[in-house]
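Enquirer: Listed here are the chains, written in short residue letters.
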Amino acid sequence: MAMLEVENIHSYYGNIHALKGISLTVEEGEIVTLIGGNGAGKTTTLRSITGILKPRQGHVRLEGEELAPYKPHQIVYKGVAMVPEGRRIFARLSVSENLDMGAYSRNSKSEIKADLERVFELFPRLKERRNQVGGTLSGGEQQMLATGRALMAHPRLLLMDEPSMGLAPVLVESIFEKITEINKEGTTILLVEQNALMALSIANRGYVLQTGEIILHDTAEALRTNEVVRKAYLGIT
Amino acid sequence: MATAVQTRAKRTFRIGRLIRPAIGVVVAVFVLWRLYTVLASQSFGPDTWVRFAISGLVLGSVYAVIALGYTLIYGILFMINFAHGDVMMLGAFAGYFTLEAFNGAGFLNKNLPSAIISVVVAFIVGMSVSLVISIALERIAYRPLRTAPRLVPLISAIGASLFLENVAQLTFGVARHTYTNPEVIKRNIGWTLMVGGKEVLVAYTGVLTFVLSLLLMIGLYILVQRTKMGKAMRAVAEDKDTAALMGIDVDGVIANTFAISGALAGAAGVMWGLHMGVIYHYVGFIPGIKAFTAAVLGGIGNVPGAMLGGLVLGIVEAVAPAALGMPFQLKDVLAFSILVLVLIFRPTGILGEVLSGKKA
Ligand SMILES: Nc1ncnc2c1ncn2[C@@H]1O[C@H](COP(=O)(O)OP(=O)(O)OP(=O)(O)O)[C@@H](O)[C@H]1O
Ligand SMILES: [Mg+2]
Numbered sequence: 152m153a154m155l156e157v158e159n160i161h162s163y164y165g166n167i168h169a170l171k172g173i174s175l176t177v178e179e180g181e182i183v184t185l186i187g188g189n190g191a192g193k194t195t196t197l198r199s200i201t202g203i204l205k206p207r208q209g210h211v212r213l214e215g216e217e218l219a220p221y222k223p224h225q226i227v228y229k230g231v232a233m234v235p236e237g238r239r240i241f242a243r244l245s246v247s248e249n250l251d252m253g254a255y256s257r258n259s260k261s262e263i264k265a266d267l268e269r270v271f272e273l274f275p276r277l278k279e280r281r282n283q284v285g286g287t288l289s290g291g292e293q294q295m296l297a298t299g300r301a302l303m304a305h306p307r308l309l310l311m312d313e314p315s316m317g318l319a320p321v322l323v324e325s326i327f328e329k330i331t332e333i334n335k336e337g338t339t340i341l342l343v344e345q346n347a348l349m350a351l352s353i354a355n356r357g358y359v360l361q362t363g364e365i366i367l368h369d370t371a372e373a374l375r376t377n378e379v380v381r382k383a384y385l386g387i388t
Numbered sequence: 408m409a410t411a412v413q414t415r416a417k418r419t420f421r422i423g424r425l426i427r428p429a430i431g432v433v434v435a436v437f438v439l440w441r442l443y444t445v446l447a448s449q450s451f452g453p454d455t456w457v458r459f460a461i462s463g464l465v466l467g468s469v470y471a472v473i474a475l476g477y478t479l480i481y482g483i484l485f486m487i488n489f490a491h492g493d494v495m496m497l498g499a500f501a502g503y504f505t506l507e508a509f510n511g512a513g514f515l516n517k518n519l520p521s522a523i524i525s526v527v528v529a530f531i532v533g534m535s536v537s538l539v540i541s542i543a544l545e546r547i548a549y550r551p552l553r554t555a556p557r558l559v560p561l562i563s564a565i566g567a568s569l570f571l572e573n574v575a576q577l578t579f580g581v582a583r584h585t586y587t588n589p590e591v592i593k594r595n596i597g598w599t600l601m602v603g604g605k606e607v608l609v610a611y612t613g614v615l616t617f618v619l620s621l622l623l624m625i626g627l628y629i630l631v632q633r634t635k636m637g638k639a640m641r642a643v644a645e646d647k648d649t650a651a652l653m654g655i656d657v658d659g660v661i662a663n664t665f666a667i668s669g670a671l672a673g674a675a676g677v678m679w680g681l682h683m684g685v686i687y688h689y690v691g692f693i694p695g696i697k698a699f700t701a702a703v704l705g706g707i708g709n710v711p712g713a714m715l716g717g718l719v720l721g722i723v724e725a726v727a728p729a730a731l732g733m734p735f736q737l738k739d740v741l742a743f744s745i746l747v748l749v750l751i752f753r754p755t756g757i758l759g760e761v762l763s764g765k766k767a
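Keeping their order, the protein sequence lines are chains A and B.
For reference, each letter of the first sequence is one residue, going 152 to 388 in this note's numbering.
For reference, each letter of the second sequence is one residue, going 408 to 767 in this note's numbering.
Isolated chain B, as found in the complex (with noise of 0.2 Å):
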């Protein structure tokens, strides 16, 4: 009896060996194949190649915004806080009725000093409202249950989540709702490159968005890294008695934790409204998962790797539905697709360390 089972055991694990050196010819043939046959056709000139990688760089630069509060918080609480996408939702709202105000009082459109103005106290009010709300869901739905097993707060993200989009839905309705952007900076207008004899246009909203996703990475970096709060932080992510022990006040800095994380996620709120025009009570869904997936790929809980994580999920998106010949509609599942194969091939992600015993 016991050897038959012992024998069975040892059968399925060398399957299970033999199954993801066999995915992983099967996807990289697919991959080649698919490369192969439309780059043969040149069905797509080199001005459509940059032009989808700008577009990737730009949506994956958001990723990484969002992407760093997932990380940031599972780094600290080792839990997903699902309803961080909503965060950036409501950030997104709350920029939104800032720009119609502006424009409701004639201010927006005056002059280039106002129309910065506005824009900057957009940012300032979304990422408030995000900040508020992010640290109100650690207070109502995770510290009460910071000693129970790891699966309840989750289902307490999730239901925060449901409850966030509600709410929106209520107060806002279903109805999608376009930004209004200062004349200036207007979806369509932007700076025009040549590529190979054709006009490729740069957004003047997508510079934005990249070059302010930069800042806040690079800032948050800064934070992380070399000041105090950002070591304390570090701290209690390793040890919680123990930083408690150093006089580190850990609830403070796991406060200070979803502060940071709702402040970038209503940045990226923001830019999103900005750069992609329309928002609604579910906007947050979609991007939130992807950031997600963004942070399991560069290794959760790792702040570079969220960054790059987000990045290159960004122009993946944005270039592999041409690349492979599919139609675009599928970049979503190709989003997913890449988390499915990050799980099974590097689980930790690409810059993330292998979880020690205590942790996982």
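Bound conformation, chain A alone (with noise of 0.2 Å):
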């Protein structure tokens, strides 16, 4: 059973359609890239899966139970934790009162305390900084505190959006080395990229989104030769 499977949703902002029927399953242990121009809607897919927002039709399914009936909060409780577009980091909440929130929905001290460590060791500038202010951070600690936190949800599927945006080219090539760290250790992930070529290159498979519908899906492999790819959203001729 796939972890998560989508099944032509449409979603709207009042009047505006902005998917128009998207379908895509992600398997345990993959990772799986959406890509797509500005206002393709591959953060209101994101924000559809986490039931942020409603779709008004079709499902989502998560190893099979349908999500629709759960409300946000609940999906994290399912396995399901977000970065969010723009990081989103509690700006009045220090570092580790952040990391707090994320593991909101466990009980366990121990197994908090053993992510924490995970955390911090995949992030060692997060625990420099943990008494800071996150509202002080840089922009890449901020990613790192984002990214952190969603962590720190241990979830079985993360959804990732566009974790590289605004970043030096040294820190984006290390955020994707660690989300494939993240998923080597059990993680299942679902990245929404601008930056395609990165995103393909440690993606097993790749869906292509443009204007609510999803225009290809193929192996990772694949899309990085695809033509239409290569012109649209590599910047390739």
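The set of hints was computed from the structure by calculation and includes no laboratory data.
Be aware that a few hints might be false.
[Stated by the list, open to error] 30 Å max Cα-Cα, derived DSS-like pairs, lysine-lysine: (1) B:LYS647 with A:LYS264; (2) B:LYS635 with A:LYS222; (3) A:LYS264 with A:LYS278; (4) A:LYS264 with B:LYS635; (5) B:LYS647 with A:LYS278.
Reconstruct the complex from the two isolated chains, following the hints.
Expert: What follows is the structure in structure tokens.
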């Protein structure tokens, strides 16, 4: 059974028909990437999965279970965490408090502590800054915090919305390394990216989104050599 | 045409910049002049000043406890809960009837433990009633309007306030009810301080009020800063969608916030009854609006700010009429003048931070 199965969802913002029948699956252990231009509907797809925006039509299933009846916070308890677009860290909470909030859905103190160690290992910078207020972190540090915060939920499925946005090239590379590392430790990942080349280099499969519809779906390997993708998203002619 | 409009805009801007310092100078000169005349005339002995300061501290601590409710709710929903003073009033009545019942049963003054139990139960009942009313208020009057423009819940709050006052009037009548304190904490007994050769009474009820208020404030501060629920409250205050993505039940946290605010208001109501002695259906209005002033004074949305604002306002209100040589009836006018001055000179309050564009 697929970890995540999105079947023909239609989502709206008021009258704006943002998703026009999106279907995708993510198998356990995979990294799947969702690429597409600005306004294609990538963020909207993730919001529809987490329940922040409820699709008007279609199904979202997590390991076969329909998510529609659950509220966003309940879906977190099912094992889905998200690194939201623009990081959205709690600016007035300290770094450790932000990480505490990431672990809000969990009870076992010892497991939380183990995961905190893991996050600090992954991002030693966060450990140095743990008493600093979130809003005063640099952009890259905030990205690390947003990722670390999501990991504190110990998710089975991690949704990441443009984790490389606004980062210096060195940091982009390191963030993608971390994503691979997180995946190797057993977390399934659905990755939304503008940086299609990077995303396709670490993903197993990819979906290409355009104005609310999926126009292509293939292995990452095949998408990297696909003419359309190369022209439109990799900037290679 | 365009340039004319521009120069006009520029000129008003310049005048606008002059207004604030001008008001500041006028207020400062006035205050200093009155202070000088009063102090030079020595019309009040040191005992009077101490008496004022004590009553200000006690009153201020009650304002602070009520102000916390305004600030918590504002912090999380960006709305001013105008019905908060009425939540306090209902708590005061609940405490009143509890004490009446104990008195009727002959328990209130049986011995010291029974008096203590009666007062403790009165607080528990008062806080519980206010807590329930506060939660109901959120459920019925505010939650359905959560996504409406910000003016809408404000109007709903004013409506809820009128509703609660009228219900209280219908149920309890318009008469003033006098709190029945146990004999051991009658309102006119307490410790006596000697100041400048004169006696100053420190009422037991005043001490009780002040100490309990401090404990509630400390308790709340720890709750907000240290506990999981407090952190969740702060997270929800900052960003509701992201808080939900952490697994935080946003509606639940908002309900909790109203519950805490309500319980604090209920405690304030019972303290008010025990210390001030008289309650009626409208008794929450003035303390409510004073506490709101205190919350703005300290920086609305800011927990330590509400505490500081309450204490400052209480003391200013008690001391200022005498210090400025004004009739005591003007104390409310003074309190609200402070609100106006704060809004002019420091709209963010004493401890408030500048609201970011997203929040404002
Ligand atoms: N809150 C909103 N209200 C109205 N329309 C919205 C809202 N959010 C997104 N949209 C619209 O929905 C469409 C899809 O937006 P979405 O944010 O999903 O794009 P995206 O693929 O994530 O783009 P980007 O790469 O720029 O982040 C866009 O046309 C956008 O204008
Ligand atoms: Mg997006």
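Enquirer: Next step is simple, just say for each hint if it's right about the structure.
Expert: Results of checking the hints against the structure:
1. B:LYS647 with A:LYS264: 26 Å, holds
2. B:LYS635 with A:LYS222: 20 Å, holds
3. A:LYS264 with A:LYS278: Cα-Cα ~13 Å, so holds.
4. A:LYS264 with B:LYS635: 15 Å, holds
5. B:LYS647 with A:LYS278: 26 Å, holds
Violated hints for the displayed structure: none, as all numbered hints are satisfied.
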